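> When you get a sec, could you build the whole thing from the sequences and use the hints?
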Amino acid sequence: MHIVICIKQVPDSAQIRVHPVTNTIMRQGVPTIINPYDLFALEEALRLRDAYGGEVTVLTMGPPMAEDALRKALGYGADRAVLLTDRYFAGSDTLATSFALSQAIAKVGETFGTPDLVFTGKQTIDGDTAQVGPGIAKRLDLLQLTYVAKIASIDLAAREIKVERRSEGGTQMLKSRLPCLITMLEGTNEIRRGSIQDALCAARSQVLKWTAADAGIEDLTKCGLRGSPTVVKRVFAPPARAEKAAQIDTAEMALRDVADELITAIFTRQPALEHELAFNGGA
Amino acid sequence: MSSANRETPRPAAGRAGIKKELPAHFKDYRHVWVFIELERGQVHPISFELLGEGRKLADKLQVQLAGVVLGPPGEAMGNAVAEAFAYGADLVYIVEAPLLADYRNEPFTKAMTDLVDTHKPEILLLGATTLGRDLAGSVATTLQTGLTADCTELDVDADGSLAATRPTFGGSLLCTIYTLNFRPQMATVRPRVMPMPQRADKPVGRVIRHKLSVAEDEIVTKVLGFLPDSQSTKSNLAYADVVVAGGLGLGAAENLQLVKNLARAIGAEHGCSRPLVQKSWMSADRQIGQTGKTIRPKLYIAAGISGAVQHRVGVEGADLIVAINTDPNAPIFDFAHLGIVTDAIRFLPALTEAFTRRLSPHSRDKLAS
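Chain order of the listed sequences is A and B.
FYI, in our numbering the residues of the first sequence are 1 to 283.
FYI, in our numbering the residues of the second sequence are 1 to 369.
Hints listed in this document are in silico derivations from the structure and should not be mistaken for laboratory results.
Quick caveat: nothing in here was measured; it's all calculated off a predicted structure.
Any given hint could be a false lead.
Unchecked claim - List of simulated lysine-lysine pairs, DSS-like, C-alpha gap at most 30 Å:
hint	chain 1	residue 1	chain 2	residue 2
1	B	Lys222	B	Lys110
2	B	Lys120	B	Lys27
3	A	Lys150	B	Lys298
4	B	Lys211	A	Lys233
5	B	Lys110	A	Lys175
6	B	Lys56	A	Lys162
7	B	Lys56	A	Lys233
8	A	Lys244	B	Lys298
9	A	Lys233	B	Lys60
10	B	Lys120	A	Lys233
11	B	Lys27	B	Lys60
12	B	Lys260	A	Lys244
13	B	Lys279	A	Lys150
14	A	Lys107	B	Lys279
15	A	Lys175	B	Lys211
16	B	Lys110	A	Lys150
17	A	Lys175	B	Lys222
18	A	Lys162	B	Lys110
Claimed, not checked - In silico negatives: residues of chain B with every beta carbon more than 12 Å from chain A:
hint	residue
19	Arg55
20	Leu61
21	Ala76
22	Met77
23	Thr165
24	Ala200
Stated by the list, open to error - Cβ-to-Cβ under 8 Å is the rule here; a few derived chain A residues that face chain B:
hint	residue
25	Gly170
26	Thr188
27	Asn189
28	Ile191
29	Ile248
Backbone N, C-alpha and C fix where the C-beta goes; we use that ideal spot for every residue, glycine too.
Rendered as structure tokens:
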């Protein structure tokens, strides 16, 4: 079984700071990580390979420094890593990104064998769109299984897959066919600790670096800024409210009195609440 | 590639794409559409929230607002159509077929893209639910148009383009996104981000039927079953009237009990900020913020939450926000209504105790009389 998993290198969101004057992201010194949602997809891909045999190819599009994310993925046990990097990809929105990745997946398929499964994470923590997975599926004409909580079974001979998919208010049990694209739900597994062998392999492995031309992309008008139908016109910090929070003074007051004062302030502003809380409270 | 035949050459544009030059074949795209999410007999409330927004956009553009219902024949379909009119639609498009009973990507994408190709809307709004996001990504890619996810504000600018504002950079800033040279302009909005509009009984207006051009034997994916969430695991967080949430300021996972205790005392739902889910202190369905639940309660109490933009956009619709934080400069005090600079770990038990005293049976009797 050949599995391709797409990952993204993202800034560690806990460390992002916005410049107070220029409203730009201060990237200097912000550590990067593999998008946390992608790790659930990576682990699932590795488990399937361990169970059914075959190979896991990990793919990312990004600047040259995204090689770090691929090396980490190799350290977890992926067999091969491809970095799609080219200045033509700069400024891609989700439509242009899914175009480039789908072309690269097709090239990976030609070179190393057609994938049976393509994985992505549910979404990224920097863009949060959840659009690239479905975009890749549509462009490669793959069946699309999003928000998958569990892969119940795979029958390689019959090319059949059964999954549990999270939907509004419940879980859908679906039967579909390989090849397909799966976006994996968070919390569905835990990423393994890479073995020593994997770490050694990762250190020795080559990360394949592909330009647009290497990936077989001929139509550069579909890449990067030019291939992106959406245009970001304005980036801004949310306007502050006219007045800041009214502070309840805590100096030299017992916590009990502060609490009473807060409750009085709450009910002064929202008088109907007292009645509601009194009858809804479960205490 | 299945979609190759639909791809149209686009005008050359760098950042100059900001210059609007809508190709001639998009010029007759008009009207605002809202996807009405009908699943297992129920319309998701996000559909009505979107109709409220769609109404404003349609009025500004002086065009019509249409609902789109995809589903099986039956009473639920009729109700969904009637509700779409009650919440402001001028007309409703329906695709009615038994095979649309359960959501599946293939037939829903086919139905929606066929409808768009035939009737050409300029704006298409969908809910950012698991269904809406699954569908929107496929539809936008098939139509080769722009899609802006999780918008927190929608507007039309002077030349009639949709201005879709959403949090960006992990929710630390907001950005406004345009789809200038393609149609339809697509956007998704999370549940509860927009207020619920007033419902008014109205006669069912113009309904336009469209045939589904795909048969069951052409659809690969089959639904084997559906397991509804059990009542005990279901949280009503998004639609709760009172919410108490904890953040990193609580210091340790066990201190979340203080949040739950207060919530129980005042009949509130409890939740948390994003870092706590990442630390596995609480389950993801309790996360409040851009990537979790958006809430619009009458009272929101945030304990030990600093108030990053991605949290802010999820709670700004609350009538009254109370913030408890040790840091007087925490951004949460910029948008909370009431603030207390103190340690939530010490203060929460005092607050729980004070509420319990205030809301005792005795005072309940007084209030009832």
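> Taking the earlier hints as the rules, which of them does this structure contradict?
Hint check: 3, 4, 6, 14, 23, 26, 27, 28 fail, others pass.
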